[in-house]
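Asks: These protein sequence lines map, in sequence, to chains A and B. Take the first sequence: its position 301, counted from the start at 1, is 301 in my numbering, and no numbers get skipped. Offset between the second sequence (1-based) and my numbering: plus 1000.
You can trust all of the hints, since none of them are fake.
With a straight-line cut-off of 30 Å between C-alpha atoms, the simulated DSSO-like cross-links for lysine-lysine are:
hint: 1; chain 1: A; residue 1: Lys230; chain 2: A; residue 2: Lys2
hint: 2; chain 1: A; residue 1: Lys199; chain 2: A; residue 2: Lys85
hint: 3; chain 1: A; residue 1: Lys85; chain 2: B; residue 2: Lys1230
hint: 4; chain 1: B; residue 1: Lys1085; chain 2: B; residue 2: Lys1199
hint: 5; chain 1: A; residue 1: Lys230; chain 2: B; residue 2: Lys1085
hint: 6; chain 1: B; residue 1: Lys1085; chain 2: A; residue 2: Lys161
hint: 7; chain 1: A; residue 1: Lys2; chain 2: A; residue 2: Lys161
hint: 8; chain 1: A; residue 1: Lys36; chain 2: A; residue 2: Lys2
hint: 9; chain 1: B; residue 1: Lys1161; chain 2: A; residue 2: Lys85
hint: 10; chain 1: A; residue 1: Lys199; chain 2: A; residue 2: Lys253
hint: 11; chain 1: B; residue 1: Lys1216; chain 2: B; residue 2: Lys1307
hint: 12; chain 1: B; residue 1: Lys1111; chain 2: A; residue 2: Lys85
hint: 13; chain 1: A; residue 1: Lys132; chain 2: B; residue 2: Lys1132
hint: 14; chain 1: B; residue 1: Lys1197; chain 2: B; residue 2: Lys1216
hint: 15; chain 1: A; residue 1: Lys49; chain 2: A; residue 2: Lys161
hint: 16; chain 1: B; residue 1: Lys1036; chain 2: B; residue 2: Lys1216
hint: 17; chain 1: A; residue 1: Lys111; chain 2: B; residue 2: Lys1085
hint: 18; chain 1: A; residue 1: Lys49; chain 2: A; residue 2: Lys230
hint: 19; chain 1: A; residue 1: Lys216; chain 2: A; residue 2: Lys307
Hints listed in this document are in silico derivations from the structure and should not be mistaken for laboratory results.
Number of protein chains: 2
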Amino acid sequence: MKIIVMGGDGFIGSHIVDRLVESGHSVTVFDRCPYKVTRNLEHHRGTVKIISGEFANRAELENALRDNEVAYHCVWTSTPITSWKDPGLEIDENIRLSVQFMETASEVGIKKVVFPSSGGTVYGRQGETTVKESQLPRPFCPYGIAKLTVEHFLNYYRESKGLASDVYRIGNAFGPRQPVSSPQGVIAVWMSKIISKEKITVYGDNETLRDYVYVKDIAHLMMHSLTDLKESSTMNIGSGRGTSVMELLNIFKRVINVPFEYEILPRRPSDNAAIVLDNRAILNHFPDFSFSTMEDKVKETWLSFSKKPSHICAAS
Amino acid sequence: MKIIVMGGDGFIGSHIVDRLVESGHSVTVFDRCPYKVTRNLEHHRGTVKIISGEFANRAELENALRDNEVAYHCVWTSTPITSWKDPGLEIDENIRLSVQFMETASEVGIKKVVFPSSGGTVYGRQGETTVKESQLPRPFCPYGIAKLTVEHFLNYYRESKGLASDVYRIGNAFGPRQPVSSPQGVIAVWMSKIISKEKITVYGDNETLRDYVYVKDIAHLMMHSLTDLKESSTMNIGSGRGTSVMELLNIFKRVINVPFEYEILPRRPSDNAAIVLDNRAILNHFPDFSFSTMEDKVKETWLSFSKKPSHICAAS
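In isolation and in its complexed conformation, chain A is listed as follows:
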């Protein structure tokens, strides 16, 4: 199948590329790769077609999308934290350019768009800890509002142009290649601080539960979209298990093989209290699947970080 991954040189995008290549698909990546240097795709040089372009540039977008059947849309310019200070950017960049992307995709004949949405910020504050896809979203952080708005515009393009789409509401993704320059993902943030010998700041307590999910598990489950290009769905991707920030700190104490300092501060206003994703809908399609063990994967992530900090670009 001919598949394009927008933002395919990024964290989740590059793991999707790995899975697609493994499965024998013909893969194109569209990303900002100045001077033809990729951050995460050096191992696919020669196998994957890499198009360096701006997501905002409609002509570049059109050329890149043409002749593909499926487009994974992994471009996003903010994190929950940065969006808290700049709600306008969510609209001007993330919502607006996602809609231009969908419009262009539908015009050039893309059959399906696959969109990684957010499990935590889309649901926002919920009465219960474990949330199903049918739960009423209560986003209050601009990042989550924008993700949900893009989900809704996918409905519009399905109804008006027949463009199919799958939405995956993903828990707290972690794993190798996570960027540490913008602090999304506490695991990557802590690891980068440990590497630079700074003190870790732990926002939270035993009640601040998060659903951490390993990036390779995410990429594996997102392959479900290729089984039927006419079907559309919205599904959570989470481990279904809540880990408190303090538990995570204990995992760190066990697997990080260097000493580190930490301080514990109260939760930030942009943080949810507790959220765990009900994952039965997606696991229905993968009856034999089991999630990676958190402790193992935190260790694996640490080894990849301490070998090569992912915020430093790989030279070509």
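Got chain A sorted already, so can you dock chain B onto it with the hints?
Replies: Coordinates of chain B only, in the frame set by chain A:
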């Protein structure tokens, strides 16, 4: 209380102004009133402070909002039909400028924003006909997507800046002063066609139920927001009764005192099949309220239309 109505010279806005003036509030209107000519507020000349300005102009907005306690936000530049062809406009104008408005309102010390949202397009396709506020919204039309996104950004400004807000998801509003130049509201569209001796186009059948609600009832119920400026809520405003398009045609046949022609066509893709709003939440606050009789109010609307078509601006 000092209250500003953004878009107060428009259809719903001007009826809100009427109610506010009746209740003795100090009212300011912010609207585009070129050459100081208002469409709907001539009867308040001298009583209401009218500021002619552009909603997009942040400095004008700031000056207008300052010193008010409550702002009714009745500015919207599209209809469900026009939005179906131009989703980008919903983002660039309606979402973007609403967020700039909220930002400005929170900066100058507005305590509460009151927002007329949409009962039909926000809920979108639902399994049941009667919808409560707790139902999962499934918008698919850009107009409804944008209304819901603005609701979510109100959550953000409440959480981040302490700006309270009330959202009213309104059914199919009708009544005097409804604009007929852009075809939102089948009642006004039909009446304007009858006046210009054109054939009425009836999109739908006996299953296409709509919850028609008289604009003066809406304005009355929206006064609830003034009882507590610290409370925030989201409530439907609808009659709770579904009227099919064919029933409406029969009402027209009974109350319109001139002959008219019509043709019946299938539903348009941007239309919902059937939607009736559960109104128990708002009626809780108005135990003695009863909705106007539809037939009476269609007649009253017709009389006001046939006297002075509302699409012609009133001279100053």
